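Chemist: Okay, here's what each chain looks like letter by letter:
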Amino acid sequence: MIELQHLTKRYRDTLAVDDLSFTVEPGHVTGFLGPNGAGKSTTMRLILGLDAPTSGRALVNGHRYTSFSKPMREVGALLDASAVHGGRSAYNHLLSLARTNDIGPKRVAEVLDQVGLTGVARKRVGGFSLGMKQRLGIASALLGDPGVLMFDEPVNGLDPDGVRWIRDLMRSLAAQGRTILLSSHLMSEMALTAERIVIIGRGKLIAEATVAELTSRYPSLEDAYMSLTADSVQYGAAR
Amino acid sequence: MKTVLSSEWLKIRSVRSTYLILGLSLGAILLGLGLAVMAAHMYDTAPAAKRPSARIADLEEAVVIVPQLCMGILGTLAITSEYVTGLIRTSLTVVPRRWPILAAKSTVVGTLGLLVGSATVFGTYFVTRWVLGDRFSGAYTSAFLDRLPLLTTLSLTVPTFALLGLALGALLRSAAAAIAIMVGLVYVIPIIIGNIPEPWSDRLGSLMIGALPREITGDIITTSVYGYLLPPAVAAAALVAYAALPLVAAGWLIRRRDA
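If you're matching them up, the sequences are chains B and S in order. Numbering-wise (my numbering), the first sequence opens with residue 1 and increments by one. Numbering-wise (my numbering), the second sequence opens with residue 240 and increments by one.
Computed beta-carbon distance windows for the label pairs:
1. A488/S / D231/B: 39 to 49 Å
2. R73/B / V323/S: 26 to 36 Å
3. D145/B / G266/S: 38 to 48 Å
4. G119/B / V422/S: 42 to 52 Å
5. I431/S / G119/B: 55 to 65 Å
6. R255/S / R107/B: 23 to 33 Å
7. R10/B / V487/S: 24 to 34 Å
8. S188/B / A483/S: 55 to 65 Å
9. M240/S / T23/B: 32 to 42 Å
10. G325/S / G119/B: 20 to 30 Å
Derived by calculation from the structure, the hints in this document are not laboratory data. None of the values given here were measured: they were computed from a predicted structure. All C-beta atoms, glycine included, are put in the ideal place defined by N, C-alpha and C.
So that you can see chain S by itself, here it is in the shape it has in the complex (with noise of 0.2 Å):
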């Protein structure tokens, strides 16, 4: 196992877009920067009489979209890459038990997933500390370790997405599909969500992983478009679920499929 993970690790690093996924993940933080630069000027702008009733969005929680998807798309191109030159056949043939080929891609992406969601998450959150000061009525002013949990699960989702990414590349062996559903994910079914009636709209969108996160630390917020029905611990197994799922599928099936 060791010796697999070593060669998935020279794999990963020996390829550029490695590097250009890593990065475009990390200008999230940019992103972020940008978003409370703007907000701290509307704020500045604003008449005073307006100022007490501003609000802002946990700028977090709007950014982590970015390394999100980046990391599923890297999780799937751990694999698909290999898919669609050939090169798995090659990789199969020198470890005929499968297996360790996935559990040390998973390894792989999930760590470089838990290390660039923790920087774009924590980055973004210091990077808006900083500009938003105590605007907002001191939002970005809480104490930090206030902020933690939810801070930490939502670093958590994007190696979620690795997982994921890597998991539907498996099953699906096309780059294509795999990041066709991770962006319905994200974007195209919370949006069918929020229109369908209630009470279905609460109960699917809970289930969504962008409602994950605060369900799991109980930040619950109004304003969002997802429901807020799963209790914390259901709430944790659905984050693990999304990813250990469709990884033990994966697993399943790449044993018993002609290659």
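Isolated chain B (complex conformation) (with noise of 0.2 Å):
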């Protein structure tokens, strides 16, 4: 469970995340839109204890990320597919990770079968196309076989084939009882994954509620968010 409790913000001027407060339930998969710029990579840093809030607090399971001793068998997060060493191995990669909360090497060769990984195991991690870096990025989310899992944007780059793969995973997940809370721009595919939805804007909370709620108020879930972000998109062409 991730609970956020007023959480705050603010770099100089900015107010990036505005007295935040909701709540992920474990045992589906919750939905985290808004627009770019809306805070919602920020709030995920604030989670994970890599950014220091302003005021408020985050907590998982009950406890401030940074008091996690061997944090990955809590949280597993995947926030930059991208931020890897391009000249280190998949294998490599993942165990110097692992190793750093006692994770041993056959739970490494485990996520990287899980996510398809096992074939290109011992190549540089440069040579991979975005896709395969998001099923990098999924397993080392997957390492220390956390409860609560976040994923922003996975599903970019991925072809057709990994999108429904993402789909099945993240809905297996939800299933064993884990809390994920998943970030994505694609409505389509949100509609299809997602049970709970919370849209934020502007670091405020705009709406939280259930995708049947919504595609019941609204046509589909993309006219309900178009509807609800109308004032808070801060970069967009006009319409």
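These two chains come separately, so use the hints to put the complex back together.
Modeler: Right, here's the structure in full:
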């Protein structure tokens, strides 16, 4: 479970996250939506203790992230799939992360198999396509077999086969009772994957609802999103 | 801490740049060999009357600049390669206390620096001794134990550079900036200091890393560009401070700065 309590983050004169409170429950996929610059990635960084909140707090399973001594066993996260050293092999990349949390090479082989990268495990990551890097990032999030998972735009760069694979993976991870927070700009994909939706804009909470509620009030999830975020788009063409 | 150390050890040995830098550092021994062969040839072809007054610099001291810079760059890349790719966010996420990462990287690059520094300094010494024999009035025939203190402190400047490079990389988060500062420390600043009026030339020259080994062991020479004003204990403290102060600053900052 992820709980945000009046979470606020100010960078000099920009209010990136503004008094944000919501809860992400286990057992289903929660979609995290919002226009570019809405504060989705900042919120995830705050949850992971990468940035310190200006005020408020983010709790994972009731604790601050920074209090975990083996955080990979609690939370897995994919923030930026291209954040890898291009000269290192996929296997060594994962093993170097695994070792910090006392996770063995056997588990590294398991997650490589789970994301379908076993055949290129010894290849340098620099030669990977974006889709393969997304798979590698998902593998690193799964290393500690955590109960809470966060994925920032994991579908980007994946082929149709990969998109379906992620959808099934997310749903099966949620069905195992895990907490899944998934951000994406692909509304049709989100409608197929998520059960609950959190929408933010300009750092503030705009809506927290189930997909079923939104699609009963609007023609589609995309229409719901467009209507709800109409006042919060900061970077977009006139419409 | 042990787990983070094994992770950092794997990180450094799983990229090719490490092996390139280690190879270049050890190549300094070949540079020493080349210089020694040249010196021996010049000595042998000089008129017999001039030979007794021929002098030779300590080649280890000339050659150690190569592993100093190379291992400084290795230290820098150990952290800036993570900042430039964004991998640092993942590293800090899996070790939220953060300082163990810096401590583990320090241990890894410091140890490699010590090994490579000793190998190049002592390697150059033995190669030069073998090539020169009793030429240059027996400059390289003095007892090994007499030379041991200076050779050891020269070797220790290499891990100092590795740690300084790591700390500068962590503070500045830019390889270019960190490497520029190290090159400045080795080449540029000593030249400037050598050209300012006394007594400041000697005073500041005594603080340069290049001056510290001889100040620590008391092997003072008069032909150096540096000054030699510091007593051994102060010089030893200065050598430690070159690595320790930036590392402490980096450790303080990495905990507080948003990643």
